[in-house]
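Whenever a hint applies, use it, and build me the whole structure from the sequences.
If you read the protein sequences in the order shown, they are chains A and B.
By my numbering, the letter at position 17 of the first sequence is numbered 125, and the numbering carries on one by one without gaps.
By my numbering, the letter at position 80 of the second sequence is numbered 88, and the numbering carries on one by one without gaps.
One or more of the hints may lead you astray.
[Stated by the list, open to error] The calculated lysine-lysine pairs, modelled on DSBU-like cross-linking and capped at a C-alpha distance of 30 Å, are:
| id | chain 1 | residue 1 | chain 2 | residue 2 |
| --- | --- | --- | --- | --- |
| 1 | A | Lys124 | B | Lys170 |
| 2 | A | Lys112 | A | Lys124 |
| 3 | B | Lys89 | A | Lys119 |
| 4 | A | Lys124 | B | Lys89 |
| 5 | A | Lys238 | B | Lys33 |
| 6 | B | Lys97 | A | Lys379 |
| 7 | B | Lys170 | A | Lys112 |
| 8 | A | Lys269 | B | Lys97 |
| 9 | B | Lys97 | A | Lys119 |
Source of the hints: derived by calculation from the structure; they are not laboratory data.
Just so we're clear, the structure is a prediction, and the values are computed from it rather than from any experiment.
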Amino acid sequence: MEAKIGTRNIKSMIFKGIIVFFAFLITLPLIVILLYIIKQGITQVNWHFLTNVPAPPGEKGGGIVNALTGSFIMVLMASIVAVPVGILAGIYLSENPRTKLAYYSGLCVDILQGVPSIVVGIVVYFWVVKPLGGFSAIAGSIALAIMMLPIIIRSTEQTLKLLPDSLKEAALSLGVPYHRVILKVIVPCGFAGILSGITLSIARIIGETAPLLFTALGNNFFSLKITGQMESLPHVIFTYATSPYDDWHDLAWGASFILLMFVLTLNIVTKLLTRKWKIQL
Amino acid sequence: MSVLLLLIILGVLTTLIMESMPSIKSLGIGYLWGKVWDPVQNIYGAYPFLIGTLLTSFIALIISVPFSFAIAIYLGEYNPKGWLSDLLKNTVELIAAVPSIIYGFWGLFVLVPLVRTLEMKLNILPYGVGVFTASIVLAVMIIPYGASLGITLIRMVPSPLKEGAYALGATRWEVIRSVIMPYTRSGLFAGVLLSLGRALGETMAVTMLIGNTTALASVFKDVIFGPGNTMASVIANEFAEADHTLYVSALIELGLVLFFVTVVINLIGKRIITRFTNN
Chain A
109 MEAKIGTRNI KSMIFKGIIV FFAFLITLPL IVILLYIIKQ GITQVNWHFL TNVPAPPGEK
169 GGGIVNALTG SFIMVLMASI VAVPVGILAG IYLSENPRTK LAYYSGLCVD ILQGVPSIVV
229 GIVVYFWVVK PLGGFSAIAG SIALAIMMLP IIIRSTEQTL KLLPDSLKEA ALSLGVPYHR
289 VILKVIVPCG FAGILSGITL SIARIIGETA PLLFTALGNN FFSLKITGQM ESLPHVIFTY
349 ATSPYDDWHD LAWGASFILL MFVLTLNIVT KLLTRKWKIQ L
Chain B
9 MSVLLLLIIL GVLTTLIMES MPSIKSLGIG YLWGKVWDPV QNIYGAYPFL IGTLLTSFIA
69 LIISVPFSFA IAIYLGEYNP KGWLSDLLKN TVELIAAVPS IIYGFWGLFV LVPLVRTLEM
129 KLNILPYGVG VFTASIVLAV MIIPYGASLG ITLIRMVPSP LKEGAYALGA TRWEVIRSVI
189 MPYTRSGLFA GVLLSLGRAL GETMAVTMLI GNTTALASVF KDVIFGPGNT MASVIANEFA
249 EADHTLYVSA LIELGLVLFF VTVVINLIGK RIITRFTNN
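Written out as structure tokens, the structure reads:
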């Protein structure tokens, strides 16, 4: 602190410059990636692309309708499993924060959040794929559901904890039974927060590839059979991006563009929901 | 429903341990530092993948830490409100939202040629794909995790502390260095740990960019720039084609190691944060 105030001020300014430089430099890769995907992908997307199955290498055209329906079905099935379980567990955690069970399940949520997605894939392979005797969309959805759970639980818990206790107490004092208080007061009040947790978790899992590699695998043909192999958007990108054919790369760019649009839209929806209700996730 | 969570975690653990039993039994602890991975000869050593995972994660961390700290300091201290900080904050969140497969795909077609030219200039075998390329993409992907935590923590520094320092005539930089940094040190460290946990388990982008070779390069230059493999990418590449019990269970043991390491890192990180926010 012996230096003159002038040099100290200059030092401070230089440091601010460095901070601002690094902080804004990070927008660069994102912009570059987004622009590149949009540039490569948007020319691929047309009606034909969205309604056809992939063409064999060397043939022009082909689309990703099988991946679109596959992703949709698997995410839907995963949500059907994960949303109720997640919300219930979230309610439990926020209503009984001091019990032993809540402590251990909170710990489990933390663990689950950190489990690498590839490990989830392996485990579901042994839980579902092996007993059923083959890769299936069901297995894929179960893997995705496991990945969704921690996000839904945490957002439900956080939202409900923010609700003022007086709301619940008012309802209870009017003689409303406890389960109806939860259903009619707590859940509706925290609805936007819960919903944003769901959209966020869908945005997270729709791009997950690793757990699908050993569960749903892929399928070059259109299939709605949930006990059979099913294609998904991220998997189609993975197989075509690593293939040696240019036509397939183009397909993959198109698929990336669509996936990116899904993810961005879901994130913006989440953002709007949280902003409207001032929820901090 | 909460019981279900406990069951899932226990189930994951038992499945991993049960299925990796054959390899634990026949290969023992030496598995972890066996240098050769040759499924055809039935020799399995995880050492190359451990090194690959550690290398990619740590290079990625080193690259990402200045960025995530800069974002945290800028959004936490210099410019916490206003449209510019909203914009930057949303950008950071979007970086976390982009699926890893898209990072991998982009890296494969844009970054790999760039790295290849760089390697030609440096007189290294121009693989393009490799540990270095994977680390760069990984660095971008993990920046948001450290940054968003850092923002919250830096905003939690009590303003009397900062005001006290300003009143004594400290400049902004001096306040940041001698008030904010020491106060948030443990929290920022937890942020680094959490992003490390992310980096260790990241699969798809790394699988596409690391080049996938099971041999460990002997020259240091090749270790960094040449192709390698991580635990997650080996599993992703070889699990589907593993044809005998020992091969499969060796791969699952990798998964088990990965599971333990990430769980421990995450729990330590979370523990530090809880302690920080409670104080």
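To see whether the hints hold, each was checked on the structure:
1. A:Lys124 <-> B:Lys170: Holds, because 17 Å separates the two Cα atoms, which is no more than 30 Å.
2. A:Lys112 <-> A:Lys124: 19 Å, holds
3. B:Lys89 <-> A:Lys119: 24 Å, holds
4. A:Lys124 <-> B:Lys89: 17 Å, holds
5. A:Lys238 <-> B:Lys33: 22 Å, holds
6. B:Lys97 <-> A:Lys379: Holds, at about 12 Å.
7. B:Lys170 <-> A:Lys112: 21 Å, holds
8. A:Lys269 <-> B:Lys97: Given that 30 Å is the threshold and the Cα spacing comes to 25 Å, the pair holds.
9. B:Lys97 <-> A:Lys119: Holds, because 26 Å separates the two Cα atoms, which is no more than 30 Å.
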